[in-house]
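Listed below, chain by chain, are the residues.
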Amino acid sequence: MNSPLSSSRSRKFFLLMGILIIGAALFFYFESRSTYPPTPQSLDAIDKDGNGVWDDMDEYIRSKDVNDREKKAIIFYVQSFQKVLLNPEIGFDVRNETVRADVFDQGFECYYRVFGHENSKIKDHEIKDELLKSSNRVKAWIRYNQNSSGAILHGWDDKIQGNPCPF
Amino acid sequence: MTSILSIAFLLALEQFSEVNLHSAVECPGGEVNSALIFANGIFNDKGDAKNARDELQLKTKNRFALYDIAYNFNETPLLQILQVFDQKRRSNERFRWSYFSQMDGPPEVKASIQEKVKEMTKEFYVRDADLRNHVALYKKYLNAKKSIVIVAHSQGNFYANGALEYLQEEQNENTPDNELLNARDLKLKIVGVASPDSYVAGNGSYRTLMSDGVVSKIANALPPNISNQKSGHFDHLFIEHYLNGDKSSPEILKLIFEASERVSSGAGFFRIGYLQKSLIPMNEWVGEWIQGDVENQKRTSLTRSQCLSIQLFFYLGDWFGLKCEERSLATLRRESMKCFEKEWSDPKQDLFNCNLVGLDGLIVGMNSPTEALKYLDDNPECQWNSKSLHRELTRDVLEQALSFIENPIGRSVSP
Chain A
1 MNSPLSSSRS
11 RKFFLLMGIL
21 IIGAALFFYF
31 ESRSTYPPTP
41 QSLDAIDKDG
51 NGVWDDMDEY
61 IRSKDVNDRE
71 KKAIIFYVQS
81 FQKVLLNPEI
91 GFDVRNETVR
101 ADVFDQGFEC
111 YYRVFGHENS
121 KIKDHEIKDE
131 LLKSSNRVKA
141 WIRYNQNSSG
151 AILHGWDDKI
161 QGNPCPF
Chain B
1 MTSILSIAFL
11 LALEQFSEVN
21 LHSAVECPGG
31 EVNSALIFAN
41 GIFNDKGDAK
51 NARDELQLKT
61 KNRFALYDIA
71 YNFNETPLLQ
81 ILQVFDQKRR
91 SNERFRWSYF
101 SQMDGPPEVK
111 ASIQEKVKEM
121 TKEFYVRDAD
131 LRNHVALYKK
141 YLNAKKSIVI
151 VAHSQGNFYA
161 NGALEYLQEE
171 QNENTPDNEL
181 LNARDLKLKI
191 VGVASPDSYV
201 AGNGSYRTLM
211 SDGVVSKIAN
221 ALPPNISNQK
231 SGHFDHLFIE
241 HYLNGDKSSP
251 EILKLIFEAS
261 ERVSSGAGFF
271 RIGYLQKSLI
281 PMNEWVGEWI
291 QGDVENQKRT
301 SLTRSQCLSI
311 QLFFYLGDWF
321 GLKCEERSLA
331 TLRRESMKCF
341 EKEWSDPKQD
351 LFNCNLVGLD
361 GLIVGMNSPT
371 EALKYLDDNP
381 ECQWNSKSLH
391 RELTRDVLEQ
401 ALSFIENPIG
411 RSVSP
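From first to last, the protein sequence lines stand for chains A and B.
Going letter by letter, the first sequence gives residues 1 to 167 in the numbering used here.
Going letter by letter, the second sequence gives residues 1 to 415 in the numbering used here.
Since the hints were made in silico from the structure, they are not lab data.
The beta carbon of each residue, even a glycine, is placed where N, CA and C say it ideally should be.
Mixed in with the good hints, there may be bad ones.
Beyond 12 Å from chain A on every Cβ pair, some chain B residues (computed) [as the list claims (entries may be wrong)]:
hint: 1; residue: K50
hint: 2; residue: R53
hint: 3; residue: W97
hint: 4; residue: Y99
hint: 5; residue: P106
hint: 6; residue: E173
hint: 7; residue: Q311
hint: 8; residue: L389
hint: 9; residue: Q400
hint: 10; residue: N407
Pair by pair, the computed Cβ-Cβ distance ranges are [unchecked claim]:
hint: 11; chain 1: A; residue 1: G18; chain 2: B; residue 2: K59; range: 37 to 45 Å
hint: 12; chain 1: B; residue 1: K230; chain 2: A; residue 2: K133; range: 28 to 36 Å
hint: 13; chain 1: A; residue 1: E130; chain 2: B; residue 2: K338; range: 36 to 44 Å
hint: 14; chain 1: A; residue 1: V66; chain 2: B; residue 2: K122; range: 49 to 57 Å
hint: 15; chain 1: B; residue 1: K230; chain 2: A; residue 2: R9; range: 42 to 50 Å
hint: 16; chain 1: A; residue 1: K159; chain 2: B; residue 2: K59; range: 23 to 31 Å
So that you can see chain A by itself, here it is in the shape it has in the complex:
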């Protein structure tokens, strides 16, 4: 039989846990909003050579042993990713069905058209990990995904949308 003392202790424990969970939830909630909207400064979006790819990613792309076409696919994917990080509101476009696919969808589709899903040299998440190496970039990415939530993501249809790769 439980003593009144232990029952009071467990009540306190649950109360404390509840406060902690709610506190943490509120912290994350407001924390995720505090830096919104993202800016080129907050995302460290420096492109000194003006090639449309952020400098830290330039270095990453250079280090990859890929052919010309594959390099173009990586660059296009990175550029499309950068666009949604700078403007997570793009996520609403597919969500509200104003477009069938947004810039990220196109970059992703093009990437796998070139690399293929089976035995691809570099998986998209490796590039994603490289891009999302600051907390502000992660927050912008989460925001984009939140804005996309509820969307119906259709497969790419060449007949309607054409070739996803612009090169």
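Could you slot chain B onto chain A? The hints should help.
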């Protein structure tokens, strides 16, 4: 003689059942007119969800008409977890009431419980904007006569269950603007993967790994029912642990194809998976022709070329051993032309090896040899003998029959 024929008939039947077995493995089934929709789990960003959808497309060999994602990604990570717990709590409560509503009891009590279930189902729908979006998509597809198989992973199961239950409620209310929702059976099935929920709506199936370290921590989740030889970290990821598992992968694919068979419309004469896509319109036309005759209780007369087209089409049942990809209009064209040039156009020929028009009295139909014969026997204009064959079966008639097979929709049967 009769016994020889009986043996031949039985052999044909035996071969026929082998074809069916073969087609169940090799041929697309209801999925040719179905959408496969992936409902993603917690913490899946768009890239993850797209990879999962693409992997499903690869594993199902691109047989479904469409591959979409009903995407959800809510709030910050911790709030996502809280959302899952809230969904779980509400789902459990609804399931409990739903269970009570099936029990015997005073009608007024049952009615009030059913009302409670209905309220809860609608509450899910009203509260969750993502769910509303997903339901809108499902309705769009169902109204366009597409059936749906949802593969729901983890949290996606709450969304899939919520959507199906909401659609069922609408169906019960007999909403006039939803023609297909009012059909007797909702053409939507769920295949649950790593489901944290305590049920799969609409009697769907599920697979959860014994070693799934996430679902095993969730109270009242569906019990695990499969294990892979190799286990990984937490064993909860859709592609890595489930779709690439040595046991779980074929099991999940099996459930997907079974679900697609169950939701397929079944229109047509042959089972939908038996034929290559090019012959599906003709299959539907023949199905309607037979159905119309059953309803009118008399045979609609056919032109000679229409007759020939049906007979050629029934010939497909005789293609034992060929894969569904080869049971196509192109093969039918090639084979019938071969017969035409070799035997039918030769007036001296009176022994026919090509039985495409049933001269030897055995047209092997798909559903059963006798069934195919029955439909043609009732139409005297579909009877051929060696004289009429040489006289009437010209290249033009054959071309007409083949072009009818190619595009029968919208062409009425001539009186």
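**Request:** Compare the structure with the hints numbered earlier in the document and write down the numbers of the violated ones, lowest to highest.
**Result:** 1, 2, 13
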